[in-house]
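Enquirer: Make the full structure from the sequences, and use the hints.
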Amino acid sequence: MATVQDSAGRYSSSSLPVPQLRQALLGWYAECGRDLPWRQTQDPYAIWISEIMLQQTQVQTVIPYYHRWLEAFPNISTLAQASQQQVLKLWQGLGYYARARNLHTAAQKILSEHDGQFPQGLEAVMDLPGIGRTTAGGILSAAFNQPQPILDGNVKRVLARLYALKQPPQKVVKLLWQLSSNLLDPVAPCEFNQALMDLGATICLPKNPQCPACPWLNYCQAHQQNLVKNIPMTTPSQPIPHKIIGVAVIWNSQNQVLIDRRPADGLLGGLWEFPGGKVEPNETIPACIQREIQEEIGIEIVVGDELIRVDHAYSHFKVTLVVHHCQYLSGDPQPLACEEVRWVTVAELNDYPFPKANEKIITALLAQARGDEHH
DNA sequence: GATACGTGGCC
DNA sequence: TGGCCAAGTAT
Numbered sequence: 001m002a003t004v005q006d007s008a009g010r011y012s013s014s015s016l017p018v019p020q021l022r023q024a025l026l027g028w029y030a031e032c033g034r035d036l037p038w039r040q041t042q043d044p045y046a047i048w049i050s051e052i053m054l055q056q057t058q059v060q061t062v063i064p065y066y067h068r069w070l071e072a073f074p075n076i077s078t079l080a081q082a083s084q085q086q087v088l089k090l091w092q093g094l095g096y097y098a099r100a101r102n103l104h105t106a107a108q109k110i111l112s113e114h115d116g117q118f119p120q121g122l123e124a125v126m127d128l129p130g131i132g133r134t135t136a137g138g139i140l141s142a143a144f145n146q147p148q149p150i151l152d153g154n155v156k157r158v159l160a161r162l163y164a165l166k167q168p169p170q171k172v173v174k175l176l177w178q179l180s181s182n183l184l185d186p187v188a189p190c191e192f193n194q195a196l197m198d199l200g201a202t203i204c205l206p207k208n209p210q211c212p213a214c215p216w217l218n219y220c221q222a223h224q225q226n227l228v229k230n231i232p233m234t235t236p237s238q239p240i241p242h243k244i245i246g247v248a249v250i251w252n253s254q255n256q257v258l259i260d261r262r263p264a265d266g267l268l269g270g271l272w273e274f275p276g277g278k279v280e281p282n283e284t285i286p287a288c289i290q291r292e293i294q295e296e297i298g299i300e301i302v303v304g305d306e307l308i309r310v311d312h313a314y315s316h317f318k319v320t321l322v323v324h325h326c327q328y329l330s331g332d333p334q335p336l337a338c339e340e341v342r343w344v345t346v347a348e349l350n351d352y353p354f355p356k357a358n359e360k361i362i363t364a365l366l367a368q369a370r371g372d373e374h375h
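Mapping of the first sequence onto full-length UniProt numbering: residues 1 to 375, in sequence order.
Hints may be right or wrong, so weigh each one.
[Claimed, not checked] Straight-line distance between alpha carbons at most 30 Å, and here's what the computed DSBU-like set of lysine-lysine pairs gives:
{"hint": "1", "residue 1": "Lys243", "residue 2": "Lys229"}
{"hint": "2", "residue 1": "Lys360", "residue 2": "Lys318"}
{"hint": "3", "residue 1": "Lys318", "residue 2": "Lys171"}
{"hint": "4", "residue 1": "Lys207", "residue 2": "Lys356"}
{"hint": "5", "residue 1": "Lys243", "residue 2": "Lys109"}
{"hint": "6", "residue 1": "Lys109", "residue 2": "Lys278"}
[Stated by the list, open to error] What follows is a set of in silico ranges between Cβ atoms, one per label pair, in the way DEER data are often shown:
{"hint": "7", "residue 1": "Glu71", "residue 2": "Lys229", "range": "39 to 47 Å"}
{"hint": "8", "residue 1": "Leu217", "residue 2": "Gly121", "range": "37 to 45 Å"}
{"hint": "9", "residue 1": "Glu123", "residue 2": "Asn255", "range": "50 to 58 Å"}
{"hint": "10", "residue 1": "Gln254", "residue 2": "Cys32", "range": "57 to 65 Å"}
{"hint": "11", "residue 1": "Gly27", "residue 2": "Ala313", "range": "37 to 45 Å"}
{"hint": "12", "residue 1": "Cys211", "residue 2": "Gln58", "range": "20 to 28 Å"}
These are computed hints drawn from the structure, not numbers from a lab.
Note that the Cβ used here is the ideal one computed from N, Cα and C, for glycine as well.
Expert: Written as structure tokens, this is what we have:
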């Protein structure tokens, strides 16, 4: 018997037949479940890596990263002993880079505090950086078949529709955890959790859900009330700011360019970039670039031609990078607003982890270098 | 509890 | 093009 909040905000009783729901879902999963790389192992390390990569990231994006990662770092020990730069280079392009930094730190913590063995208690697992309750439940159910519930985006949507919740999922998280826990099959928790996620990922889609193919069609309260299109409820999103950033590709007399490593925490932490900063009101781009380089690197430059403009959307703001070639004049480059600065050749850029927006700058640099050879 | 935190695909 | 969304966590 599950308790579901009704439209008036009161809690009313709902009694979907849990044993039949389990049987229907597991039967569907046996027939239609996805064959994914991390389902072919019970190694908690490999499963852990997949769970972290899959946070806010779709399966098709993760698969190539997953294989490359396990080849480079096949176990906890190899990951713990790698440098953060190696770790970030393998993560380059996946986004949410704190995930990679946390994996690295957690591997070292497992070596020092758990004798190198991945912990099997919920508390100990959630105590590792980057692992919340959903990821902990996912790992423990998949690797050790423990009856731990999960509540990711797929499960939230599936349960919101199954019980026709009239409120946005983020407002009823506690209830959703109860529902996930009540439904979880105690005999086959590993399969059940995977099945729940597959249902959300392949049938109970955000848009154009494939209801006729759903094993829960006859139980789904949203379907019975013709509310599938409206559930889960959403809250309007806030407008996001757009920043104009002046960026410098600074050349020295040895035909090297200057790059800097961002602070370890925060946006794109630990990644390298071409230096620059936000254009202030009534400031020209060249003036911005010259000022930012003086303030953050402590050197004098001459700002030259524009190389490229790069539009890029992050999750909570947008930027336009206006990138100019620059010529080094004088001063000793210092890491005044970053971790480190370094002169490198264009060919060496490939050895450093860069965010996507900077990859576009590098591509433009290489294209221009190729073009120059023909003149 | 709201916000910061990346990127790619879809329409 | 722009907005939405995807196997969430940390603060």
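Enquirer: Decide, hint by hint, whether the structure agrees.
Expert: Hint by hint, here is what the structure shows:
no.	hint	verdict
1	Lys243 with Lys229	35 Å, violated
2	Lys360 with Lys318	16 Å, holds
3	Lys318 with Lys171	28 Å, holds
4	Lys207 with Lys356	28 Å, holds
5	Lys243 with Lys109	38 Å, violated
6	Lys109 with Lys278	38 Å, violated
7	Glu71 with Lys229: 39 to 47 Å	43 Å, holds
8	Leu217 with Gly121: 37 to 45 Å	38 Å, holds
9	Glu123 with Asn255: 50 to 58 Å	55 Å, holds
10	Gln254 with Cys32: 57 to 65 Å	60 Å, holds
11	Gly27 with Ala313: 37 to 45 Å	41 Å, holds
12	Cys211 with Gln58: 20 to 28 Å	22 Å, holds
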